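> Top line first, the protein sequences correspond to chains A and B.
For reference, each letter of the first sequence is one residue, going 129 to 241 in the numbering used here.
For reference, each letter of the second sequence is one residue, going 390 to 629 in the numbering used here.
Treat the hints as calculated values from the structure; they're not laboratory data.
Among the clues, some could well be false.
[As the list claims (entries may be wrong)] Chain A regions said to be covered by chain B (calculated; three or more residues, Cβ under 8 Å):
{"no.": "1", "region": "162 to 171"}
{"no.": "2", "region": "183 to 193"}
{"no.": "3", "region": "205 to 217"}
[Unchecked claim] Quick partial rundown of chain B residues pointing at chain A, CB under 8 Å, derived from the structure:
{"no.": "4", "residue": "GLU427"}
{"no.": "5", "residue": "MET486"}
{"no.": "6", "residue": "PHE605"}
{"no.": "7", "residue": "LYS607"}
{"no.": "8", "residue": "ASN608"}
Remember, predicted model here, so these are calculated numbers, not experimental data.
All C-beta atoms, glycine included, are put in the ideal place defined by N, C-alpha and C.
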Amino acid sequence: MKNFNTLLASVTLAAAVATPAFATPKTIQIGLDGLVCAFCAQGVEKKMKSQAATDKVFVSLEKKVAVVALKDGQDIPDATIKAEITDAGYVVKSIARSEESFDALTKKIKASK
Amino acid sequence: MSTLFSRNAILCATAIAIGMVVFATSPNVNAKPIAFAEAVTMMHERDDTMVSTEVYYAPKVWWSLGIADVKMTSENNQHEMDAKYAQFNFLLKRWNMPNAQANIFASAGFGWADSVKQGVTGVMHPGHNVSQTARYSESARRFVLQGDYETRQFYSSFKVDVQQTPLFYDRLDVGQIGFSPVAHDYEDLAVWFIAQVKKYRGMTDKTEGGAFVRLFKKNIWVEIGVTERRKPQMMFMVNY
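Only chain A is shown next, with the shape it has when bound in the complex (with noise of 0.2 Å):
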């Protein structure tokens, strides 16, 4: 038993080593047609805001993008996106994660041209 527990504790600690550090996504970007109203906006807030993994969104009409800030160590996978924007009634262009903060990247974007 004791050298069953020193080898595993021998792997973990060499998978540890090993194994790059996984980039955990923190926020989602998602590009988006057909934003022109603050009631299209609603429709998409409302969605993504009812995915479990979501924190909280961002919408810009200017920019045509929702940023969702995901819950510590949670995702939404593409499909669930696309899904849940095509019922609101939009269409998805991009999908892109990042690592950067919601606070940064709604920043970012409302400062972009």
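Starting from the known structure of chain A, arrange chain B on it as the hints suggest.
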């Protein structure tokens, strides 16, 4: 010029003041019957010939179901109708473009209408008319087709609204075109200036222009304006 400006400013201010007073109360404006999926939409509209209150729930973005109460008065005040409908709304087609969106909606309502019609039926003595008031209740149907195209700074729409009972037919066509001086974002107060033409057939027969200001922020949409005959018109809509 300055006198004219002042007069228009006073008229505009008066219209807005009246609008704010009556506030919560016109089905002539082309508000969308479906805002977004899983949303409740409440609309209240009023002008000089019509008052309507509509509440809809949209389980999906392509259809909604609810009730509509439409009160209409002919321009000569001799015919009033109060119709209540169970109404279905369908998003027939949506075009999502990078910088624009276009939609076509169709609605069908089925319900009941109570009408009061006053009319002169004869002369009892010289100079003394005898009038009769007819009251009747009957089944009613309503069909609406509407479409819109909008960007963040340009808006256009059309609407054909037909109401029919065994004794009564009314059709209202509405066309709107407008602009927003600023390309608003989600958190901003969007201010729109809209010009409108309405063609009434049936209860009232006339074509009338109008203009209004639309204020739109997050889930609240308010329109206040005047018709070319300087009658106030307003609309309030909220989604949640």
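> All hints, please: hold or fail.
Evaluation of the provided hints:
With a cut-off of 8 Å between beta carbons, the region 162 to 171 of chain A has 10 residues touching chain B; three or more are needed, and the interface restraint holds. Here's how the region 183 to 193 of chain A fares: 5 of its residues keep a CB closer than 8 Å to some CB of chain B, so the rule of at least three is met and the hint holds. For a cut-off of 8 Å, the count of residues in the region 205 to 217 of chain A with a CB near a CB of chain B stands at 3, and the three-residue condition holds. With a least beta-carbon distance of about 7 Å to chain A, the hint placing GLU427/B at the interface is held under the 8 Å criterion.
Interface restraint check for MET486/B: the shortest CB-CB distance to chain A comes to about 6 Å, inside 8 Å, so the restraint holds. A distance limit of 8 Å between C-beta atoms decides the matter here; for PHE605/B the minimum to chain A is near 6 Å, and the interface restraint holds. Hint on LYS607/B holds. Least Cβ distance to chain A is approximately 5 Å, under the 8 Å limit. Interface hint status for ASN608/B: upheld, as the beta-carbon distance to the closest one in chain A is roughly 6 Å, under 8 Å.
The structure agrees with every numbered hint stated previously.
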